[in-house]
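Visitor: Listed below are the residues making up each chain.
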Amino acid sequence: MPVESVFPRLEALLPHVQKPIQYVGGELNSTVKEWDEADVRWALMYPDAYEVGLPNQGVMILYEVLNERERVLAERTYSVWPDLEALMREHGVPQFTVDAHRPVGAFDLFGVSFSTELGYTNLLTALDLAGIPLDAAERTVDHPIVVAGGHAAFNPEPIADFVDCAVIGDGEQAVLEMTEIVRAWKAEGRPGGRDEVLTRLARTGGVYVPRFYDVEYLADGRISRVVPNRSGVPWRVSKHTVMDLDEWPYPKQPLVPLAETVHERMSVEIFRGCTRGCRFCQAGMITRPVRERSITGIGEMVDKGLKNTGFEEVGLLSLSSADHSEIGDVAKGLADRYEEDKIGLSLPSTRVDAFNIDLANELTRNGRRSGLTFAPEGGSERIRKVINKMVSEEDLIRTVATAYGNGWRQVKLYFMCGLPTETDEDVLQIADMATKVIAKGREVSRSNDIRCTVSIGGFVPKPHTPFQWAPQLSAEETDTRLGKLRDAIRADKRYGRSIGFRYHDGKPGIVEGLLSRGDRRVGDVIRAVYEAGGRFDGWREYFSYDLWMECAAKTLPGHGVDVDWYTTRERAYEEVLPWDHLDSGLDKDWLWEDWQDALDETEVEDCRWTPCFDCGVCPQMDTSIQIGPTGKKLLPLTVVK
Amino acid sequence: MAYSAGFTPHPKVSYANAAPTGTASEAEYLEIALADRREPQALRALLDASLPPGLDVLDAVEAHTSGFADRLTASRWELRLERVEPAEAESAVRAFLDAPSVEVQRETKKGLRTFDARAAVASLEVVRTPGGEAPDRPDTTPCAILRLVVRHLTPAVRPDDVLSGLRAAAGLAPPVPAAVTRLAQGPLDEESGTVADPLAPDRDATSVATAPGPTA
Ligand code: SF4
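Residue numbers (the working numbering), protein chains in the order written: chain A, 333 to 973; chain B, 480 to 695.
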């Protein structure tokens, strides 16, 4: 039975909301399939507004991978803004997909991709609007299976009550595997109901079903153990790793948004993973090992993607794009190919070295050299050893001077505040560094018209990193320290006016910290915030620290814990961490040693260029580093006019 | 596509008189400048294929004349007023047309503005569909259908301003928002009150144009 489109009812509401175009779908390269021609149907959500969610690569890739299969259908849904939410509630319009405007509640699976924990309240809004009970335990066989994915899913415990399962790591193969299991179960007439299909998924070892695990606590609030409560369910659930990226050239037909979005460009992922070993970086830790797309694979994806979309800018994405083994040839090859066509190329890289500037120069051959970004992350050489960001002050000044010398007028420097062992002194050195940068810049560019912007935010310790045991700096201390830095920069008469200062206050970081390292008890806080109207926590205009703290104060003491317990408390070696049963491949003992090395200010090399340092991932996940060089070059495209 | 000069070149596309948000339209026009000559119908098909369903590119002609936007001097609109008795709408229309001017207000970017909605209206009538009911209306709730021809003046008078005018002149207050559709745009023939095809001059020019385009 085909489900009915909610569009006629939605359309009547659209004249009364902001930016109605974000809800109408029909984008170039979007797909609408016949409902009855699919056996398994996925609704995929990025739990933020369309303008943020549409460009999300994860959702875009899975959407295409699934829709390419016969008898499988995938549609997208995004968070609706509160103005539409209120109208939908008033008029009984359910959460809908933008593709065929089908109700999310009618799908078999509802996959939600969390890049950050700040999307959790939006998950609850979407579930409720979809008519899906918030508590996974209350769902029936007719409700979709709610699946969490994305980086935040590496610790899904805070949303354990609300999701049916979580999948960690690369989604391409995982969604297909799940699709087959659901297909078979449906074909058999859904034997054993919801419990049975979840058991089948859990038995693969790669799908975490929170309700199949019991969490036991010690009297002091710490976890004593997490145990499977039925047979056949693994003690630990593994992450998924896609090998050979050239075999997965997605998205082949990137979506072209109808409304303005945060990234008005096409993205091509040039490699996955990063082994630089920055100790604060969760993305780097959980995506190991490095797997490159080949130079020719990249060239093909750019070519096909541009033909299929008409975009005028291509972003070469990865965690540190300058690290691709053939990035020089990639940049030059693409710049040559598209010189005539007004196709802009960009490469997110914040590496502090001269090579990075060469790349940037190549990519801006004809264009304007506006701004370059570098991320030393830590203000002092000492703290950079702690976080394993191997950049000396000398390197930094030399690099930035080269940038100014090459005609760049603006340099942005990224830092973090609240890193483990950090003191005021470490952060105040940022002011020092910035003045040296400006002094050197004026000297080499022979101009006073250069600027340097210091951008700094609070550090949040993340699961599956060496800093997972670290105490987070409180919001008050973060703000005090940032205030001192601001004053130090402003006090400088000669250079202060050339230095911009941007910072994020410490409060949102505490909520992020609570959610990142939280356990199942934090679910009560999320629910309370949602019920009190909390939405869109990633947006300054909606986020309310006070609301989160009020709700935490109401719910956590019942469990004998509080916000500080989750955030500013340092954990010990023996403590069972809420995410220990989710296997990112990283050996916990290796992480602990790396944490001890951090405290000793000892650095670790990159395993791409030095021998393996046994982080555990490759043997545990049966994966290996896949990098070039291939020695190939990008040839000019033959243009058919 | 042709691009503007400068540091950040923009594609040369100009949109004339876009219909206000929340209204439907069957008559929007835009001009695109190309770097090379292309067959307009082939381009039309390509554009149509890349636009979402419901956004249809109906026609394309090569511009041989200038001042296209200036030729769009009026629009013809249809306003469907659900749950409004046609007779009630008719008397409101009469009151509106009989008034020498009808002051209305609208919130604009520069604040609340007051202006006359009457002068821009070239014609306004309630249409009686033959047989009493339009085919897409299965039920029997009343519905008044208005046809409006409005001149493009400054300040622009939009269909919702005319609706405000009907409320101001005769207290007509539709219980549900009107469904508004632009049916045509083009030069207004003052005598007949009809809106003509704005592409006609270019079509005429095409049939007499002899110079072949450069081979691309
Ligand atoms: S196991 Fe060795 S080679 Fe693999 S990512 Fe870890 S350190 Fe690198």
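Among the clues, some could well be false.
Stated by the list, open to error - Computed spacing ranges between beta-carbons, pair by pair:
#1 A:R818 / B:A512: 47 to 55 Å
#2 A:S787 / B:V655: 48 to 56 Å
#3 B:P656 / A:D896: 48 to 56 Å
#4 A:P340 / B:T544: 35 to 43 Å
#5 B:D538 / A:R783: 45 to 53 Å
#6 B:A679 / A:S787: 28 to 36 Å
#7 A:R818 / B:A495: 29 to 37 Å
#8 A:P340 / B:E505: 45 to 53 Å
#9 B:A512 / A:R701: 27 to 35 Å
#10 A:E336 / B:D538: 28 to 36 Å
These are calculated hints, taken from the structure and not from any lab test. Beta carbons: idealized from backbone N, C-alpha and C, even for Gly.
Visitor: Within 29 to 37 Å: is that where the Cβ-Cβ distance between R818 (chain A) and A495 (chain B) falls?
Guide: The hint (29 to 37 Å, Cβ to Cβ) is violated, given that R818 (chain A) and A495 (chain B) are roughly 50 Å apart.
Visitor: Could you say whether the range 28 to 36 Å given as a hint is met by the Cβ separation of E336 (chain A) and D538 (chain B)?
Guide: 34 Å, holds
Visitor: Do the Cβ positions of A512 (chain B) and R701 (chain A) conform to the proposed distance bound of 27 to 35 Å?
Guide: 29 Å, holds
Visitor: May I ask you to test the hint 35 to 43 Å on the CB atoms belonging to P340 (chain A) and T544 (chain B)?
Guide: 42 Å Cβ-Cβ, so the 35 to 43 Å window holds.
Visitor: Against the range 48 to 56 Å, how does the distance between the Cβ atoms of P656 (chain B) and D896 (chain A) compare: consistent or not?
Guide: Distance hint for P656 (chain B), D896 (chain A) holds at roughly 52 Å.
Visitor: Starting from the hint 45 to 53 Å, judge whether the C-beta atoms of P340 (chain A) and E505 (chain B) obey it.
Guide: 19 Å, violated
Visitor: The hint says 45 to 53 Å between D538 (chain B) and R783 (chain A); measuring C-beta to C-beta, is that right?
Guide: At 51 Å between Cβs, range holds.
Visitor: Is it true that S787 (chain A) and V655 (chain B) lie within 48 to 56 Å of each other by Cβ?
Guide: 50 Å, holds
Visitor: Using the beta carbons of A679 (chain B) and S787 (chain A), state whether their distance is inside 28 to 36 Å or not.
Guide: 57 Å, violated
Visitor: Verify the CB-CB distance for R818 (chain A) and A512 (chain B) against the hinted window 47 to 55 Å.
Guide: With Cβ atoms ~49 Å apart, the hint holds.
Taken one by one, the earlier hints fail for this structure at numbers 6, 7, 8, listed in ascending order.
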